[in-house]
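Chains as they are written, first to last, in the working numbering: chain A, 82 to 454; chain B, 167 to 371; chain C, 6 to 296; chain D, 130 to 338.
Just so you know, the hints here were simulated from the structure itself, not pulled from any lab data. Please note: incorrect hints may appear among the correct ones.
Claimed, not checked - Straight-line alpha carbon distances no greater than 30 Å define the calculated DSSO-like cross-link-like pairs of lysine-lysine that follow:
id : chain 1 : residue 1 : chain 2 : residue 2
1  : B       : Lys358    : D       : Lys154
2  : A       : Lys307    : B       : Lys233
3  : B       : Lys358    : D       : Lys287
4  : C       : Lys124    : C       : Lys44
5  : B       : Lys233    : D       : Lys154
6  : B       : Lys228    : A       : Lys293
7  : A       : Lys238    : D       : Lys216
8  : C       : Lys91     : C       : Lys44
9  : A       : Lys126    : B       : Lys358
10 : A       : Lys132    : A       : Lys238
11 : A       : Lys307    : B       : Lys358
12 : C       : Lys245    : C       : Lys41
13 : B       : Lys232    : D       : Lys288
14 : C       : Lys123    : C       : Lys110
15 : A       : Lys209    : D       : Lys217
16 : A       : Lys209    : A       : Lys238
17 : B       : Lys228    : A       : Lys126
18 : C       : Lys91     : C       : Lys245
19 : A       : Lys132    : A       : Lys160
Treat the numbers as computed from the prediction; the structure is a model and nothing was measured.
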Amino acid sequence: MILLLALAFSISAKDTPDDGGGSITVNVYNIPEGTARIELSRLEKGDMLYKEAGLIPIFKGECDDASVVDGIGYLYRGKAIAKDTFYIAEMEGFVTSSPQWFNKSRITVLIFLILFGSVVLTYIQLAKKNPEGLFIRKLPALDAIDEAVGRSTEMGKPVLFVPGLEGITDAGTLASLTILEMVGKKVAEYGSRVIHPNFDPIVMTTAQETLKTAFAEAGRPDAFNKDDVFYLTYEQFGFAAGVDGIMLRERPGAIFLQGYFYAESLILAETGYSIGAIQIAGTNATTQLPFFVAACDYVLLGEEMFAASAYISREPRLLGSIKGSDLAKVVLLFMIGAGVIFGTIAGIAKQGGNPTYMQIFNKMLEFLAKGAK
Amino acid sequence: MRRRLPVIIAFGIGFAMLIQYFIPHPRSEEFYNVIVQQWFIIIYAFMYIFALRSFFMHHITKVKKKKEGYIFSAVAMVSVLFMLLSGLITSRGPFFDSLYNYMIAPLQGTMFSLLAFFIASAAFRAFRARNVQATLLLVTATIVMIGRVPIGDYLWRGMPDLVEWIMTVPSMAAMRGIRIGVGLGAVATAMKIMLGIERSYMGGE
Amino acid sequence: MGFWQRFLQLDRKWIFLGIAIVVIIPLIKPIGLPIKPTKPVIDLFTYIDTLGPESGPVMVVTGFDPSTMPELMPMEQALLRHCLTKGIPVISFGGLYPAYIGMAKMAIDEVSADFPDKKYGEDYVFLGFIPGVSAVILSIGIDIATTFGNDYYGTPIDSLPMLRGVKNYSDISLVVDVSGTSTPEYWLMYAQERYGVNIGVACTAVSAPAYYAFLQSGQFVGMMGGMKGAAEYEELMARKGYPTGRRNATIGMDSQSLAHLLIILLIILGNAGYFIVRRGERRRGIIRRKR
Amino acid sequence: MSISTSIWVWMAALLTLMVYSFLYKDNPFYRLAEHIFMGLSLGYTLTILWYNYIIPRVYEPLFLPPHQWSLIFPILLGIMTFGIFSKKYSWLIKYPLAFYVGGYAGLRIPLLLQSWIIRQVEASFLTPDKFTSLMSSINAILIFAGLFATLIYFYFSKKREHGFGAAAQVGIVFIMVAFGAAFGYTVMARISLLIGRMQFLIHDWLGIM
């Protein structure tokens, strides 16, 4: 075997950027043909001998040596072993590793965080000053709610409102309480009853308050019966069986399934359909949405539930995040659209022999994917 | 002052955990580990004691007042203590593992498998192609269900590829849009909590 | 129209009975519906089939608990059986989280019972759980002996004859992650990207679509998705005349197929009745105000 | 026909049958099984909490040398949750709650932004290498259109008229296909679990087949 100092095969090392220190990135260049393995060895400042330091994957030509100590100088040597010969690459200056105080690869997240944060906050301030000023389109579901409660009271049947299985801190439960307020007002106007079985005691007491104010605002404070809002049980399928019993006994004309549901959603929706009631569901539990869409007359899909409660309550905090998210969606769509158009032009230009656009486009993509590591 | 201090705490620790993400320095790594692996877990453990208390209070009152189904409450409480003691005494020995493998695991699996029955009955009694949306959903579901079993390959050779296309093109596109929407909502909510705008989790204003 | 109305109000208990029968019968008397292996499973099977007693060991990583056992246990057992039949040295790794060790032990015990001639320590090895998740994957790349110290039964790694020449990933011919969670992505990031070792994946039907992208880009050598993937692997084993033991996945597949067909039938019948009843009502002037 | 002789297998089989009795109707056997399940799983979680968290993270660092006295502060904060037991000091629980919920909110913001938003946007970029074949170009354009229409569907700041309404209609088509696929997979997963339970009863318990 002849020791051939290949000029082409070279090695370089630098402190790994954007890390907590203790790591040096080693790169090898123009790896000779037919190389089977590249062995890496390291010399610590003050030592005499190179020690073995693992392998460099051939297909990447780069690896991070994470077993170094900050502040100590190191020299690296790469040995590319081909079928019968091997090539050596060495470095001149020592390299030391050090930690960084800011991770430059996560700038994209920081920029988006600052932009989106300020947008949401400004909308909340705007909403505080003038709640009616911020436009949110009227969701068709709100008309369906009017129609359902109307038909149910025409037939002299009560309305059933099931709030889901989550506690008061769940976004879906909070939205369901706002929708309950609107349903409560409608029911009070029509002089009918709303039955509200509960899985969580705190949600129950809040629902009683909500309905009491709703009936009062509709001018019928006496019509509200506190016992219509009651605690049923805390067992998942026991709750479903209990609510089924109420459906079969009370035969409500309209059923609302609003909140965060689990696997029991199916039992509720099925029995509700079998007694011929109009069912309006709404949930932020994406796993249950397919079943509700198949079994109910109307479904508020995830975000639509929050938009509906923002529309009803005009509550500044809710309006702020809905409007903020909407603006962010527009910005994202423009970004993706512009990226796609630029990407296709760069692709065509590249075919036409002018790769510069392509490099710019890859740079942009790389900037976005930075934080991925 | 009593009302403002919790909001300041929430902002302080929230902001610290936020900027920690951008600082790779070992000091920030240590801060992250101490907070997440000690402070959060200790508070979580104490809150668990609080949840435990309401669990036992609920069942004890039911037993004391001989309310309907109080025997089951007694059974639930005995089960908690039985599992806890067997875990502590045998320090998670084979008896404790058997309790998990032959009681908890089968019960959990059976509970989840109940849904197979409910889906079947809802399929017949409630899943209606009442509008374009529900029809699209039921047709796609049928294709996926057929494509994912061997019979699908024999009905039509291209069936598995069709299912794969449904999963990697239309379904992925919609899931990506839904995920962006849900993500934006979740970030907005987390920001409101950190900045003290959203305080409902602390039990009302 | 009375029949259809009564038909639609069929008590749900009959439907429950229907599902139970459709699932139970094939388990007692398997029908043996034909199974046609697909490309991802064939790729995984052929890659392992090309290995032999002299090639580097295959590492089977357990990553599931009782809730995903019906889909994933048959996969792990098929992989272990395939390696032991071909004499390929196999390392069963008990997993990146403590919850999986019970499943790993159950799999290796049941399969090794069918191979009395294979000796522990020479033909197969069982490594226990080590905390650290991604740190564990990385340190296997440096040195297996220092990472684990000793195997599940407490015997030191370097006293196991099979692992004598095996230092790290460069000596391992394939890692197959049998997982119900997203751990295959960790193996791609920390094992393949960093050390270039080949990775195969065996996952639940739900997470299979997410891994198609990695399959097409060649990062995964092959993939078994859901109980259908396991049944296909068992079919490939049988076609090569390898002993398959009780083909749990294939038997399960019969029940799965019949259950799916029943549910599709129920949807069609339910909707047929619905439209007939509605047309009847419309003709008799009782128009339910339906959007 | 070799019925299992292990008391454990019989226990698991009985509990399985008790849960399935709910399919007939909600009955005492089902409620007994459910309460056993609730109690055992709560006890199991407490044991795991004790061995994997409280002992290695709280007890040992505090009471064994080298004593980490700084742990006193999180423990004090934790003790404040007991304030809820008395009407007078119920406001005390606000502090640990604020620390925990506020801290996690701050921690989740960059992670959510990275994986739920930036990663999805980056993946939606149509790089020329996606246009290798005719089929992959059509797919790439379809994916882009689907994403576009889905986001329009969940856009609430504009009335749904003419062009805007049409885009929302296209959006709901993609969403319903995605829900149909999710529906199919959920059915498959639940039936696999049912098969697993039935195999246990028939094979492991009754020993048939």
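Each hint, compared with the structure:
{"no.": "1", "hint": "B:Lys358 <-> D:Lys154", "verdict": "violated (45 Å)"}
{"no.": "2", "hint": "A:Lys307 <-> B:Lys233", "verdict": "holds (21 Å)"}
{"no.": "3", "hint": "B:Lys358 <-> D:Lys287", "verdict": "holds (25 Å)"}
{"no.": "4", "hint": "C:Lys124 <-> C:Lys44", "verdict": "violated (33 Å)"}
{"no.": "5", "hint": "B:Lys233 <-> D:Lys154", "verdict": "holds (21 Å)"}
{"no.": "6", "hint": "B:Lys228 <-> A:Lys293", "verdict": "holds (29 Å)"}
{"no.": "7", "hint": "A:Lys238 <-> D:Lys216", "verdict": "violated (42 Å)"}
{"no.": "8", "hint": "C:Lys91 <-> C:Lys44", "verdict": "holds (22 Å)"}
{"no.": "9", "hint": "A:Lys126 <-> B:Lys358", "verdict": "violated (52 Å)"}
{"no.": "10", "hint": "A:Lys132 <-> A:Lys238", "verdict": "violated (85 Å)"}
{"no.": "11", "hint": "A:Lys307 <-> B:Lys358", "verdict": "violated (33 Å)"}
{"no.": "12", "hint": "C:Lys245 <-> C:Lys41", "verdict": "holds (14 Å)"}
{"no.": "13", "hint": "B:Lys232 <-> D:Lys288", "verdict": "violated (57 Å)"}
{"no.": "14", "hint": "C:Lys123 <-> C:Lys110", "verdict": "holds (17 Å)"}
{"no.": "15", "hint": "A:Lys209 <-> D:Lys217", "verdict": "violated (34 Å)"}
{"no.": "16", "hint": "A:Lys209 <-> A:Lys238", "verdict": "violated (39 Å)"}
{"no.": "17", "hint": "B:Lys228 <-> A:Lys126", "verdict": "violated (74 Å)"}
{"no.": "18", "hint": "C:Lys91 <-> C:Lys245", "verdict": "holds (11 Å)"}
{"no.": "19", "hint": "A:Lys132 <-> A:Lys160", "verdict": "holds (12 Å)"}
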